[in-house]
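In case you want the letters, here they are:
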Amino acid sequence: MNKPAAHIAADELTQASARWEKEFSKGAGDADEVVNRSDIKVKPLYGPTDWSGTDYLDALGFPGEYPYTRGIYPTMYRGRSWSQRQLVGLGVPEDFNARVKEMLGLGASALSLIPCNSVYRGYDADEVPAELLGTCGTVINHVEDMQRALDGVPIGDLSTAMNDPSPFTLLAFELAVAKRRDIPWTKITGTSNQSDCISHFVANHMFFRIALQGARRIVVDHIEFVNKHVPGWNPLSIVGQHMQQAGATPAEAMAFTLCSAIQYTEDCIARGMDPDSFLPRFTFFFDISVSLFEEVAKFRAGRRIWAKLCRERFGAKDPRSWRFKFHAQTSGVDLTRQQPLNNISRVTVQAMAGIFGGLQSLHTDGYDEAFSTPTTEAARIAVATQNILREEAHLTDVIDPLGGSYYVETLTDQMQGKIESIIDLVDATGGMYKAVEQGLVQQMIGQSAFKFQKRVDSGEETVVGVNAYQVEENPTDYPSLEYPDRERMNSQIGKLAQFKANRSASAVEKALDGLARTANTKDGNVFEQVVVAAEAGVTHGEICGTLRREMGFGHPLTVV
Amino acid sequence: MHERPPKVIVTKIGFDGHDRGSRIIAACLRDAGMEVIYTPPWQEIPTVIKLAIEEDADVIGISSLATDHLIVPQLMDALRAAGLDDVQVIVGGIVPAKDEATLLASGVARVFHPGTALEVIVTEVRALARKRQAKERAAT
Chain A
1 MNKPAAHIAA DELTQASARW EKEFSKGAGD ADEVVNRSDI KVKPLYGPTD WSGTDYLDAL
61 GFPGEYPYTR GIYPTMYRGR SWSQRQLVGL GVPEDFNARV KEMLGLGASA LSLIPCNSVY
121 RGYDADEVPA ELLGTCGTVI NHVEDMQRAL DGVPIGDLST AMNDPSPFTL LAFELAVAKR
181 RDIPWTKITG TSNQSDCISH FVANHMFFRI ALQGARRIVV DHIEFVNKHV PGWNPLSIVG
241 QHMQQAGATP AEAMAFTLCS AIQYTEDCIA RGMDPDSFLP RFTFFFDISV SLFEEVAKFR
301 AGRRIWAKLC RERFGAKDPR SWRFKFHAQT SGVDLTRQQP LNNISRVTVQ AMAGIFGGLQ
361 SLHTDGYDEA FSTPTTEAAR IAVATQNILR EEAHLTDVID PLGGSYYVET LTDQMQGKIE
421 SIIDLVDATG GMYKAVEQGL VQQMIGQSAF KFQKRVDSGE ETVVGVNAYQ VEENPTDYPS
481 LEYPDRERMN SQIGKLAQFK ANRSASAVEK ALDGLARTAN TKDGNVFEQV VVAAEAGVTH
541 GEICGTLRRE MGFGHPLTVV
Chain B
1 MHERPPKVIV TKIGFDGHDR GSRIIAACLR DAGMEVIYTP PWQEIPTVIK LAIEEDADVI
61 GISSLATDHL IVPQLMDALR AAGLDDVQVI VGGIVPAKDE ATLLASGVAR VFHPGTALEV
121 IVTEVRALAR KRQAKERAAT
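Chains as they are written, first to last, in the working numbering: chain A, 1 to 560; chain B, 1 to 140.
What the hints contain is simulated information worked out from the structure, not anything from laboratory work. For each residue, glycine too, the CB sits at the ideal point set by N, CA and C. A portion of the hints provided could be inaccurate.
Claimed, not checked - Here are the in silico distance ranges between beta carbons for each label pair:
id : chain 1 : residue 1 : chain 2 : residue 2 : range
1  : A       : Gly-439   : B       : Ala-81    : 34 to 40 Å
2  : B       : Ile-53    : A       : Pro-154   : 53 to 59 Å
3  : B       : Ala-78    : A       : Lys-510   : 38 to 44 Å
4  : B       : Ala-81    : A       : Gln-498   : 32 to 38 Å
5  : A       : Val-471   : B       : Glu-119   : 49 to 55 Å
What the hints assert, rightly or not - Sample of chain A residues facing chain B (criterion: CB under 7 Å; computed from the structure):
id : residue
6  : Glu-131
7  : Thr-135
8  : Gly-446
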């Protein structure tokens, strides 16, 4: 009869463990030391001397219970699957609409709109080089563009994510569309997916070029407005993905994300908000690398740390405030241009890591990510991968299936230690805004990126097809997305001119005045004015331009 | 004649902000003994031209992840217009095969794709810088 590990006599265990160690070193000799991406040494075997499970209830508990190590809901995927949320962004609004309808038909259950990079910098189509329009996101400049993008899409019944930094014009356009379609805002659900201004300034510099402290204020305004008027919307998605893609290790990415979350929470509390009024709507967004066990441990540790921070540091009393809800995307950085079909295997492993990690929403990358924005075929395979993992591989049958593994539990504890020590460092610096303004975060990310690249170059870290197992290939055989048709783009610019000509000039002027005035005073809610402006027919470029003028231009905070 | 170390501008033009690649390349070329002028992303073409003149750069490295390579031919035209024909331009990042030929035809010296070892980039940048310095010497 098997006895639980905790009941094995200690000396018996030590003897058995020493016996194995001897046999192991006989066989393996001086095998190379293994160190994971977060710089944690990985042993060849873990057992009850590493993790005994005696503190099970405090450290793990049950799913849906504090500290949520095993998952934030009692039912997890037995209750409902994660959302299959594929990012879509290309061409003109009509192109987006067609691709979204196709993805929904294939089983995607939520949508995520990626705007064109010109939109991402806060400009309209008539202000930028035409070559760059719609090549890696959809051109959305005003309420009618959004109306065409969402035509026939049931936005009252379906979760919609907008990749939308401060001042959140895309959400404002969506709310204006809902009003035109008589859908009450209380039925609009989804997430402002790029609302974490800190991550943009330090890691991927994808934002509307509004100065950091201005963006910071609008984030809090937006949280306040959304909590009141669009209660099903998650106003904040705190992003570790950008930092990990920029080179942060999994532990660093989790730590910095939690530091940003601490900062936003403290900003909301300083505004006079009760933590339990906004924390239940905080969500997170992470990268999933191919380092499977490390990623699982990262997510489990993050869940546990966040629960503790919310309960103990912020004094939140509602258990919904303690839940660490997150979306995750498989890592594009791990994908290779060489032998591109191999990326399907990588994405599968990454997706498994995220699912075992207990995510709420998943985007799987197209295998062609390393040379193009995903083609239709690649996007289909990405969705199918999720369906295969869930329904053919039965990954969702058991909640937290790796919980209780000696290795995974030990690694979860070790990742927690790494993460908490970085949080302490940032706290000591005076919080995340201070840490990024001083360049501390950027420096750490840059060093980790360079270190990892050197490991790949030296062959210490194998990348199949890149530094090992190469084959002769013809790069012209690689698939690649067609760029948007120039005529369609010209007609899009034409529609913008027409839209501007047809709107009420006085309404636009009045809305822009209100926006500028609010931006200049401490009172009032800037996001509320953005919504008013969107309804009045003000364009994205005009809104961002006004705020840049009033609040300052936002330069990326970079350090080499 | 004494050879000066290669002088390289590492930058990003256009709208994309992902700078992992440009930061790694800047650090690696600097480690290899080159003089590196690194800029944050979002540079405009006239700014890069001005920088190239002020710094007397041998090589300009453009990092592109999200289709910003499409305006590199405009940069090449601007370089020629400024009389900087001899400055060597390299592009690194996600450049679809079908666009590589267009870039090379516009005067780009070399396109580096993901997976290229840093060592290879160092060697080629050094050779390109030498080529430019030799041209410069021949001209004076």
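Index of numbered hints that the structure contradicts, given in increasing order: Hint 5 alone not satisfied by this model.
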